[in-house]
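In case you want the letters, here they are:
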Amino acid sequence: QKEVEQNSGPLSVPEGAIASLNCTYSDRVSQSFFWYRQYSGKSPELIMSIYSNGDKEDGRFTAQLNKASQYVSLLIRDSQPSDSATYLCAVNPFGTSYDKVIFGPGTSLSVIP
Amino acid sequence: DVKVTQSSRYLVKRTGEKVFLECVQDMDHENMFWYRQDPGLGLRLIYFSYDVKMKEKGDIPEGYSVSREKKERFSLILESASTNQTSMYLCASSSGTGGFNEKLFFGSGTQLSVL
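Protein chains in written order, with the numbering used here: chain A, 68 to 180; chain B, 3 to 117.
FYI, nobody ran anything at the bench for these hints, they're computed from the structure. Among the hints, a few may not be true.
Claimed, not checked - Below, computed lysine to aspartate or glutamate pairings styled on EDC-like, alpha-carbon distance capped at 16 Å:
1. A/Lys167 / B/Glu19
2. B/Lys105 / A/Glu112
3. A/Lys167 / B/Glu58
4. A/Lys167 / B/Glu24
5. A/Lys167 / B/Glu81
6. A/Lys109 / B/Asp40
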């Protein structure tokens, strides 16, 4: 059973702090990993993708991947109230059809001004 | 920008009715998907299509069918709606040319209530 799990929320951080969102997956040979952000009442939008072990930075966002530990995380530096949303981890398992990603349940983040 | 349009934002139907949810994308994408999203369960894949008239079952296809007669349009059909199909339904598309690294573009969703 391929599964994607995320740390349970809601997660609250003060404005300016670092928010850390975690995700684990069960399929050891998964290839591609994504973080989607979903504002309340809106549809998900991709904010980060990562395919190789290590860190990938994009502005205030850093995705970290450790395939040996089957772990992917998203760090948001200098958190802003506009970052308040649900963050969905998604994994594309090896051997499935292209783009057949599996989503985690999401972690709700609240950034307190 | 890619636009994925779902025909209805809110829909209320009665148990046993046949329900059609329509999705249109305007970027000539090969792949189209239907997900449902429920609190605490995340997005679950119902069906997807990688070409016209081609379809594959996702993780929860029971009680649903799909139709893709034209490349830009992907329809989700609830043959006989039941209360446990009350959910947010999200359509998505991807270009299909990038292998495993494809970005999904989502529509705005249809909140379906079955009474």
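Checked hints:
{"no.": "1", "hint": "A/Lys167 / B/Glu19", "result": "30 Å, violated"}
{"no.": "2", "hint": "B/Lys105 / A/Glu112", "result": "9 Å, holds"}
{"no.": "3", "hint": "A/Lys167 / B/Glu58", "result": "10 Å, holds"}
{"no.": "4", "hint": "A/Lys167 / B/Glu24", "result": "20 Å, violated"}
{"no.": "5", "hint": "A/Lys167 / B/Glu81", "result": "24 Å, violated"}
{"no.": "6", "hint": "A/Lys109 / B/Asp40", "result": "14 Å, holds"}
In this structure, the earlier hints numbered 1, 4, 5 are contradicted, and the remaining ones agree with it.
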